[in-house]
Amino acid sequence: MARPPTDDEFTEFVRTAWPALYRTAYLLVGDRGLAEDLVQTTLTKTYASWGRIRDLGAAGVYARTILVNTATSWFRRRSWGSEISTSTVPDAALPAVDSDRPLVLAALRALPPRQRAVVVLRFYEDLSVEQTAAALGVTPGTVKSQTSHAMSRLRSLLGDAVIPEGAHHG
Amino acid sequence: MVERLTTLLHEEAAELVVPPAPAEAILQRARRDRRRRRVSEAAAGLAAVAVVVAGTGVVISRGGGHESDAQQRFASASPGAAYQDYGAFAAGSTVYIGNHQVRFPEKVKALYYTSLGVLVRMGHHAYTDEGGPSHYTLIHPDGTTKDIDLRMGDRVPGTDPDSPYVAYAEPAGATSPLSAVETRKVGEWSLVVVSLETGTEVARTNVSGFFTWGGWEAPPVDLAGSRMWALLDDGWTEFDWAAGTTRLVPGTANAPMEAAHGRYALYDDGRQIDWLVKDFVTGALVRTVPMNPEDNAGNLSPDGRYVRYDGGANAAFGDKGKLIIPPTPSRFFSLETGETVALPQRVFWGWTPDGAALSVDGEKDQVTVCDPGTGACDRIHLEIGSGKVKLGGLSYES
Numbered sequence: 052m053a054r055p056p057t058d059d060e061f062t063e064f065v066r067t068a069w070p071a072l073y074r075t076a077y078l079l080v081g082d083r084g085l086a087e088d089l090v091q092t093t094l095t096k097t098y099a100s101w102g103r104i105r106d107l108g109a110a111g112v113y114a115r116t117i118l119v120n121t122a123t124s125w126f127r128r129r130s131w132g133s134e135i136s137t138s139t140v141p142d143a144a145l146p147a148v149d150s151d152r153p154l155v156l157a158a159l160r161a162l163p164p165r166q167r168a169v170v171v172l173r174f175y176e177d178l179s180v181e182q183t184a185a186a187l188g189v190t191p192g193t194v195k196s197q198t199s200h201a202m203s204r205l206r207s208l209l210g211d212a213v214i215p216e217g218a219h220h221g
Numbered sequence: 341m342v343e344r345l346t347t348l349l350h351e352e353a354a355e356l357v358v359p360p361a362p363a364e365a366i367l368q369r370a371r372r373d374r375r376r377r378r379v380s381e382a383a384a385g386l387a388a389v390a391v392v393v394a395g396t397g398v399v400i401s402r403g404g405g406h407e408s409d410a411q412q413r414f415a416s417a418s419p420g421a422a423y424q425d426y427g428a429f430a431a432g433s434t435v436y437i438g439n440h441q442v443r444f445p446e447k448v449k450a451l452y453y454t455s456l457g458v459l460v461r462m463g464h465h466a467y468t469d470e471g472g473p474s475h476y477t478l479i480h481p482d483g484t485t486k487d488i489d490l491r492m493g494d495r496v497p498g499t500d501p502d503s504p505y506v507a508y509a510e511p512a513g514a515t516s517p518l519s520a521v522e523t524r525k526v527g528e529w530s531l532v533v534v535s536l537e538t539g540t541e542v543a544r545t546n547v548s549g550f551f552t553w554g555g556w557e558a559p560p561v562d563l564a565g566s567r568m569w570a571l572l573d574d575g576w577t578e579f580d581w582a583a584g585t586t587r588l589v590p591g592t593a594n595a596p597m598e599a600a601h602g603r604y605a606l607y608d609d610g611r612q613i614d615w616l617v618k619d620f621v622t623g624a625l626v627r628t629v630p631m632n633p634e635d636n637a638g639n640l641s642p643d644g645r646y647v648r649y650d651g652g653a654n655a656a657f658g659d660k661g662k663l664i665i666p667p668t669p670s671r672f673f674s675l676e677t678g679e680t681v682a683l684p685q686r687v688f689w690g691w692t693p694d695g696a697a698l699s700v701d702g703e704k705d706q707v708t709v710c711d712p713g714t715g716a717c718d719r720i721h722l723e724i725g726s727g728k729v730k731l732g733g734l735s736y737e738s
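Protein chains in written order, with my numbering: chain F, 52 to 221; chain C, 341 to 738.
Check each hint, because a few of them may be wrong.
In silico SDA-like links for lysine to any residue, alpha-carbon gap of 20 angstroms or less [what the hints assert, rightly or not]:
{"hint": "1", "chain 1": "C", "residue 1": "K447", "chain 2": "F", "residue 2": "E181"}
{"hint": "2", "chain 1": "C", "residue 1": "K728", "chain 2": "F", "residue 2": "K96"}
{"hint": "3", "chain 1": "C", "residue 1": "K486", "chain 2": "C", "residue 2": "E541"}
{"hint": "4", "chain 1": "C", "residue 1": "K447", "chain 2": "C", "residue 2": "R491"}
{"hint": "5", "chain 1": "F", "residue 1": "K96", "chain 2": "F", "residue 2": "P56"}
{"hint": "6", "chain 1": "F", "residue 1": "K96", "chain 2": "C", "residue 2": "R371"}
Here are the simulated distance ranges between beta carbons [stated by the list, open to error]:
{"hint": "7", "chain 1": "F", "residue 1": "D58", "chain 2": "C", "residue 2": "G725", "range": "36 to 44 angstroms"}
{"hint": "8", "chain 1": "C", "residue 1": "A582", "chain 2": "F", "residue 2": "S179", "range": "52 to 60 angstroms"}
{"hint": "9", "chain 1": "C", "residue 1": "K525", "chain 2": "F", "residue 2": "D59", "range": "29 to 37 angstroms"}
{"hint": "10", "chain 1": "F", "residue 1": "S179", "chain 2": "C", "residue 2": "A365", "range": "32 to 40 angstroms"}
{"hint": "11", "chain 1": "F", "residue 1": "S179", "chain 2": "C", "residue 2": "D614", "range": "24 to 32 angstroms"}
{"hint": "12", "chain 1": "C", "residue 1": "A624", "chain 2": "F", "residue 2": "S179", "range": "48 to 56 angstroms"}
{"hint": "13", "chain 1": "F", "residue 1": "A109", "chain 2": "C", "residue 2": "K704", "range": "22 to 30 angstroms"}
{"hint": "14", "chain 1": "C", "residue 1": "S416", "chain 2": "F", "residue 2": "D58", "range": "58 to 66 angstroms"}
{"hint": "15", "chain 1": "F", "residue 1": "A109", "chain 2": "C", "residue 2": "S726", "range": "19 to 27 angstroms"}
{"hint": "16", "chain 1": "C", "residue 1": "T680", "chain 2": "F", "residue 2": "T57", "range": "45 to 53 angstroms"}
{"hint": "17", "chain 1": "C", "residue 1": "A421", "chain 2": "F", "residue 2": "E60", "range": "35 to 43 angstroms"}
{"hint": "18", "chain 1": "C", "residue 1": "E723", "chain 2": "F", "residue 2": "S179", "range": "55 to 63 angstroms"}
{"hint": "19", "chain 1": "C", "residue 1": "A365", "chain 2": "F", "residue 2": "T57", "range": "13 to 21 angstroms"}
Now the stretches of chain F that chain C is said to cover, found in silico as 3 or more residues with beta-carbon under 8 angstroms [claimed, not checked]:
{"hint": "20", "region": "66-72"}
{"hint": "21", "region": "190-197"}
Don't read these hints as lab results, they were simulated from the structure. All values derive from a computational prediction rather than experimental measurement. A virtual CB, placed ideally from N, CA and C, is assigned to each residue, including glycine.
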């Protein structure tokens, strides 16, 4: 694409990218309303650079980077407890129940932001270490260590059934 | 080993009822934001000059005086002192060690501090997990070099700024690199110590245990004094080659991979956010490192005196490596005093051998070295060539 994409193309991009961004946002923030807010903010920021985009294929990667970093900045600048009920954020091991799926979101919320982002990008988005590093603007070594920290904590919260012994460093 | 986690995440996402995309509303909001931004950028045009001048004025030289004094100290320092004070970094195929530089035909993959100088890993590409061979060269502070015959493959070796050794682990009895699947089945590991003075192996022992978590060819290793540690699934396993003993370090079964200079990190049993930094040998608690939920753990300095809280959480790169979102300021915690100091925002802070924070801006030909204990910085002008910048004290094993 030699010319910048048009506003019509941006609108089409929003419709195409929205579902995937929303799902990733939901895993990051664990709340439907906040996820919607996060994706809207992300796409608004994406538009700010729309005139510089020459490859619509790269726009999705760009938007995902902005989404992850916007989420992280939200966590930093305001009390996460005021946005999400702190009663859902565990301090210690979560009780075993028949279905461990709802606990995954609670456990994710217990992770520091970038550890949460690393888990979502690596194990939901299936990005490589290098791709995750690029998305977060950190070194691959940092992604490794963040994964290590996150797996340690998730295992302590979710137990061996989800993070088996030996996988706790990820 | 994390398939269940992946499955749960996908199930959670798949069951979501995705609301319709408010495309028109987003476009209107984006246009409105763009208009406001253009107005505010025009108004801020003159003010930006004053900010730059003020920003220069707040840099406090580590040795006192002006920036020109720092430049003079850098230029006149002895090779050994310059290595300790300014550390090492690489840009492309050139390694800058103290106030010397050495150019290589290959690209630098990683730098490891030792008491003899910096051990450089290089190869055809700058990435450590490249399939091709890596070559290792020790650069002394005066710029002289010595090739070291190491064949470590894709793994994390252990070095220490006070030690002339490099340590690593390898599958016991293996004669060639193993695949990732094969590595997970290995139940016995050789822990190996090589002297960088002689280039020869000085100690080796075998320990039992599995390594399934890391993705490298062997467990990562740390080194201090006459001991090395490898992080197996069961925790840190110690090899004291002077005493000829091995042991599993108690209480490290769930330890994250963070260790330096004989110290390692654990999560506090209570909040599971704070760090407990402990001494490998004595098991004594060095200090509890308070962490906020928004902190992304930290990184121990090579000399084990400081912990850096990650400051790059908000940084993001776009196409062609352009910085889209700048990082937040980095905070450093002193394990000696328990005090925290904030340093200027940088995407990456590496370390010098003596635990100072090191940052390099290749575009501005600028090296910044700060004392994490006081916040005082030396800003050095240095002509830096092109190529991927690698900082001493950072992990590049991907």
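Comparing the hints with the structure gives:
| no. | hint | in the structure |
| --- | --- | --- |
| 1 | C:K447 <-> F:E181 | 18 angstroms, holds |
| 2 | C:K728 <-> F:K96 | 28 angstroms, violated |
| 3 | C:K486 <-> C:E541 | 16 angstroms, holds |
| 4 | C:K447 <-> C:R491 | 17 angstroms, holds |
| 5 | F:K96 <-> F:P56 | 15 angstroms, holds |
| 6 | F:K96 <-> C:R371 | 10 angstroms, holds |
| 7 | F:D58 <-> C:G725: 36 to 44 angstroms | 42 angstroms, holds |
| 8 | C:A582 <-> F:S179: 52 to 60 angstroms | 41 angstroms, violated |
| 9 | C:K525 <-> F:D59: 29 to 37 angstroms | 55 angstroms, violated |
| 10 | F:S179 <-> C:A365: 32 to 40 angstroms | 35 angstroms, holds |
| 11 | F:S179 <-> C:D614: 24 to 32 angstroms | 31 angstroms, holds |
| 12 | C:A624 <-> F:S179: 48 to 56 angstroms | 39 angstroms, violated |
| 13 | F:A109 <-> C:K704: 22 to 30 angstroms | 27 angstroms, holds |
| 14 | C:S416 <-> F:D58: 58 to 66 angstroms | 59 angstroms, holds |
| 15 | F:A109 <-> C:S726: 19 to 27 angstroms | 24 angstroms, holds |
| 16 | C:T680 <-> F:T57: 45 to 53 angstroms | 49 angstroms, holds |
| 17 | C:A421 <-> F:E60: 35 to 43 angstroms | 58 angstroms, violated |
| 18 | C:E723 <-> F:S179: 55 to 63 angstroms | 35 angstroms, violated |
| 19 | C:A365 <-> F:T57: 13 to 21 angstroms | 18 angstroms, holds |
| 20 | 66-72 | holds (count 3) |
| 21 | 190-197 | holds (count 8) |
The structure does not agree with the numbered hints 2, 8, 9, 12, 17 and 18 stated previously, though it agrees with the rest.
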